[in-house]
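Sequences listed follow chains A and B, in order.
Here our numbering is used: position 3 in the first sequence is 3, and no number is missing along the way.
Here our numbering is used: position 112 in the second sequence is 298, and no number is missing along the way.
Since the hints were derived computationally from the structure, they do not count as laboratory data.
For each residue, glycine too, the CB sits at the ideal point set by N, CA and C.
Do not take every clue at face value.
As the list claims (entries may be wrong) - Just a sample of chain A residues kept apart from chain B, beta carbon distances all over 10 Å, derived: (1) Ala54; (2) Pro64; (3) Val139; (4) Ser182.
To be verified - If we take Cβ atoms under 7 Å as the criterion, some of the chain B residues that face chain A in the derived model are: (5) Leu207; (6) Leu210; (7) Cys244; (8) Glu267; (9) Ile270.
Stated by the list, open to error - Derived lysine-lysine pairs resembling DSS-like cross-links, with alpha carbons at most 25 Å apart: (10) A:Lys175 x B:Lys239; (11) B:Lys360 x A:Lys175; (12) B:Lys356 x B:Lys368.
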Amino acid sequence: MDRIPLVQGLLCRDERAWRQFIRDYSGLIYAVATEFHLKGADRDDLFQNTCLAAVRAIDTLRDPSMLSLWIYRIARNRAIDALRRRRPEVSLEQLDGAARSSAAMQENPSIVDELERLEDVARLRDALDRLDDRCRRLVRILYLTDPRPSYADVACREKMPMGSIGPTRARCLKKMRRLLKSLSGG
Amino acid sequence: MRTRGTVIVMKRKHANWEEILDYLESGEPTETFVSAHLRTCDRCARLCAEARKMLKLCAAARLPQPPAELIERATERALAELSIEREMTEEISPSSPPAWARAFRALGEGLAEIQATMVADSLVPSHAVRGGAPEGSRTMIYNAQSYSVAISLRPDATGAALLVGQVVPKTSAKLPPGGRLKLCVGHRELEAVLSRHGEFVLRDIPAGLMRLGIVLGRSLIRLDIPSPLREA
Ligand SMILES: [Zn+2]
Chain A
1 MDRIPLVQGL LCRDERAWRQ FIRDYSGLIY AVATEFHLKG ADRDDLFQNT
51 CLAAVRAIDT LRDPSMLSLW IYRIARNRAI DALRRRRPEV SLEQLDGAAR
101 SSAAMQENPS IVDELERLED VARLRDALDR LDDRCRRLVR ILYLTDPRPS
151 YADVACREKM PMGSIGPTRA RCLKKMRRLL KSLSGG
Chain B
187 MRTRGTVIVM KRKHANWEEI LDYLESGEPT ETFVSAHLRT CDRCARLCAE
237 ARKMLKLCAA ARLPQPPAEL IERATERALA ELSIEREMTE EISPSSPPAW
287 ARAFRALGEG LAEIQATMVA DSLVPSHAVR GGAPEGSRTM IYNAQSYSVA
337 ISLRPDATGA ALLVGQVVPK TSAKLPPGGR LKLCVGHREL EAVLSRHGEF
387 VLRDIPAGLM RLGIVLGRSL IRLDIPSPLR EA
């Protein structure tokens, strides 16, 4: 769905908008906790604290079309704070992506890679939200559904001629590639 | 003629975006035009690498959902925070002032009221108040004209909250003597006095939005303090 009405709802402190936001973005927030190797209560705390921090920080959201990236960064910062509390001897710079080669990260090099991947995922989701409805639906069905449906299934469900699914998806992915480039500032 | 024909055929020989996607998604190990062409054409190989990266990213975007029960709990806490925010911005009706407004009025006649604004909150990522905060605690800094007020909240052993704070003049001026304060939470009122250094402690604070009034000389500094320390 278009993110503008959702963001307007969030800014107006509308309960329904906040419910939807937490539901829609829960996978991304949870993934950050997982990538930081947080488990059990720590992981749940990070999830809840990120949602709370989002409520308190919603006025800092400058670009409604970058909602995924915004919440990803809040979750990442909360996770860094949680790690620092557990290991106060590690400096913030060591945990921040800026100092990739730091000792803390060398201990767990996969965190940096995984976080970069997640940041890309957040960007992809923002790009997806900028696509037109038809493309967004098709990309969601073909690439974000597990297991992936066959073209025949998609043709039935979306009432599309089977022969047009391949070319349409290529066109949609091409648009998304352009959007991703613009979101990455390149 | 033959040359011209060849040129046309050569031009068609680049793989297009759709063919590359088909090639990547077919998963067929057999030799095709695209697979053979990619070995000899840098341009198409680059396009293919980009397409592969994008398909990988799409696959990575299939993120598992957290348990529904956790989503529900987080939503409830977020909504509770929303209602605190709404309460903080509500207008005070002069005809029927809420209990806390009456409590503050009882602090003294003719006090100049200063509404403090929160400038930093450890719950929101910020460099100003990062670090050093014990587990479960929350640190906030408020601006009130010529004073700054630092507030630290933490849950005590009984599940209530302990509030430690300090009023600091922004200039080298001294704090006026005899500073005192009142905290209103729901219908509870707690009182304390400021130390020489502007420090104060309040114990056994129940959950809920806190309103703090600090009397300093002829001024009443008012702070609204959210408290999401624990489940309401
Ligand atoms: Zn080529």
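Here is how each hint holds up against the structure:
With a cut of 10 Å on Cβ distances, Ala54 (chain A) falls inside the contact zone with chain B, its closest approach being about 7 Å. For Pro64 (chain A), the non-interface assignment is confirmed: its Cβ lies about 19 Å from the closest Cβ of chain B, beyond the 10 Å cut-off. Val139 (chain A), annotated as away from the interface, has a beta carbon of chain B within 10 Å; the closest lies near 7 Å. No Cβ of chain B comes within 10 Å of the Cβ of Ser182 (chain A); the nearest lies about 14 Å off, and the non-interface call holds.
Interface restraint check: Leu207 (chain B) against chain A, minimum CB-CB distance 5 Å, threshold 7 Å, status holds. Taking 7 Å as the C-beta cut-off, the interface hint given for Leu210 (chain B) is violated, the closest approach to chain A being about 11 Å. With 7 Å as the threshold, the beta carbon of Cys244 (chain B) comes within range of chain A, its nearest partner Cβ sitting at about 4 Å, so the hint holds. Taking 7 Å as the C-beta contact cut-off toward chain A, the hint placing Glu267 (chain B) at the interface holds, the least distance being around 5 Å.
Evaluation of the Ile270 (chain B) hint against chain A yields a violated restraint, the C-beta minimum of about 9 Å exceeding 7 Å. Straight-line distance between C-alpha atoms of Lys175 (chain A) and Lys239 (chain B) comes to about 15 Å, which keeps the hinted pair within the 25 Å bound. Under the criterion of a C-alpha separation no larger than 25 Å, the hint pairing Lys360 (chain B) with Lys175 (chain A) is inconsistent with the structure, at around 63 Å. Proposed proximity of Lys356 (chain B) and Lys368 (chain B) is supported: the alpha carbons are some 22 Å apart, at most 25 Å.
When each numbered hint is compared with the structure, violations occur for hints 1, 3, 6, 9 and 11.
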